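Counting from 1, one number per residue, gives the positions in the sequence shown under the numbering used here.
Hints in this document: simulated from the structure, not taken from any laboratory.
All values derive from a computational prediction rather than experimental measurement.
Beta carbons: idealized from backbone N, C-alpha and C, even for Gly.
Among the hints, a few may not be true.
Straight-line distance between alpha carbons at most 35 Å, and here's what the computed DSBU-like set of lysine-lysine pairs gives [to be verified]: (1) K119 / K52; (2) K106 / K96; (3) K96 / K54; (4) K119 / K54.
Estimated spans, in silico, between C-beta atoms of each pair [what the hints assert, rightly or not]: (5) D83 / H110: 40 to 50 Å; (6) D20 / E129: 24 to 34 Å; (7) E129 / D62: 17 to 27 Å; (8) P48 / D109: 15 to 25 Å; (9) N24 / E132: 11 to 21 Å; (10) F69 / S116: 30 to 40 Å; (11) D84 / L114: 41 to 51 Å; (12) L113 / G85: 40 to 50 Å; (13) D84 / L117: 46 to 56 Å.
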Amino acid sequence: MLEGCQTAKERWGGVSEIIDRWLNERQELIVLYCSINGMDQFDDDKRPVASKLKELCQILVDYASAGHFEVYEQLIQEAREFDDGGIELAHAMLPKLEGNTSRCLKFNDHCELLCSLQKLQEAVSELGETLEERFSLEDKMIEILHEAHREKLTGHNV
Numbered sequence: 001m002l003e004g005c006q007t008a009k010e011r012w013g014g015v016s017e018i019i020d021r022w023l024n025e026r027q028e029l030i031v032l033y034c035s036i037n038g039m040d041q042f043d044d045d046k047r048p049v050a051s052k053l054k055e056l057c058q059i060l061v062d063y064a065s066a067g068h069f070e071v072y073e074q075l076i077q078e079a080r081e082f083d084d085g086g087i088e089l090a091h092a093m094l095p096k097l098e099g100n101t102s103r104c105l106k107f108n109d110h111c112e113l114l115c116s117l118q119k120l121q122e123a124v125s126e127l128g129e130t131l132e133e134r135f136s137l138e139d140k141m142i143e144i145l146h147e148a149h150r151e152k153l154t155g156h157n158v
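Given the sequences, and given the hints that come with them, work out the whole structure.
Now the structure itself:
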């Protein structure tokens with residue numbers, strides 16, 4: 001997961017300040033997720049899981065919100081401007097991303113209610129699968145809606 005994030009950052013980083021910030025937030029989310037996944041009640045610093053979980057949920061919600069309200073909008077606007085078929089892809093992918101966001105928000109809403117470490121670990125594992133799917137969809141969206149226009153954008157100093 002972290003390697004995929006680094007590859008995406010190398011490919012699309014620097015093209016857009018919004019995408020850069022968003023990919024940095026994605027990396028932060030992945031690192032925190034990895035530090036929680038499979039841990040017991042305390043990590044190496046004796047910081048309670050609840051503290052890390054709260055931070056994970058905050059970054060998760062911020063990341064998903066930035067995707068929907070900043071990045072996706074920018075990519076869709078770019079697709080409209082270039083009018084080269086990308087808008088159809090965006091409209092096909094958005095419902096999948098919205099469903100994924102619902103699962104992320106469900107995790108956020110319910111993680112504090114999980115009464116056992118085993119149930120928490122199961123929920124975190126499911127979240128990992130959800131994030132993998134999300135990152136794959138987002139990377140495809142960036143590649144098709146933004147990467148295809150990179151030369152045109154840099155040629156116009158955008």
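Legend entry - Structure versus earlier hints, numbers of those that do not hold, lowest first: none
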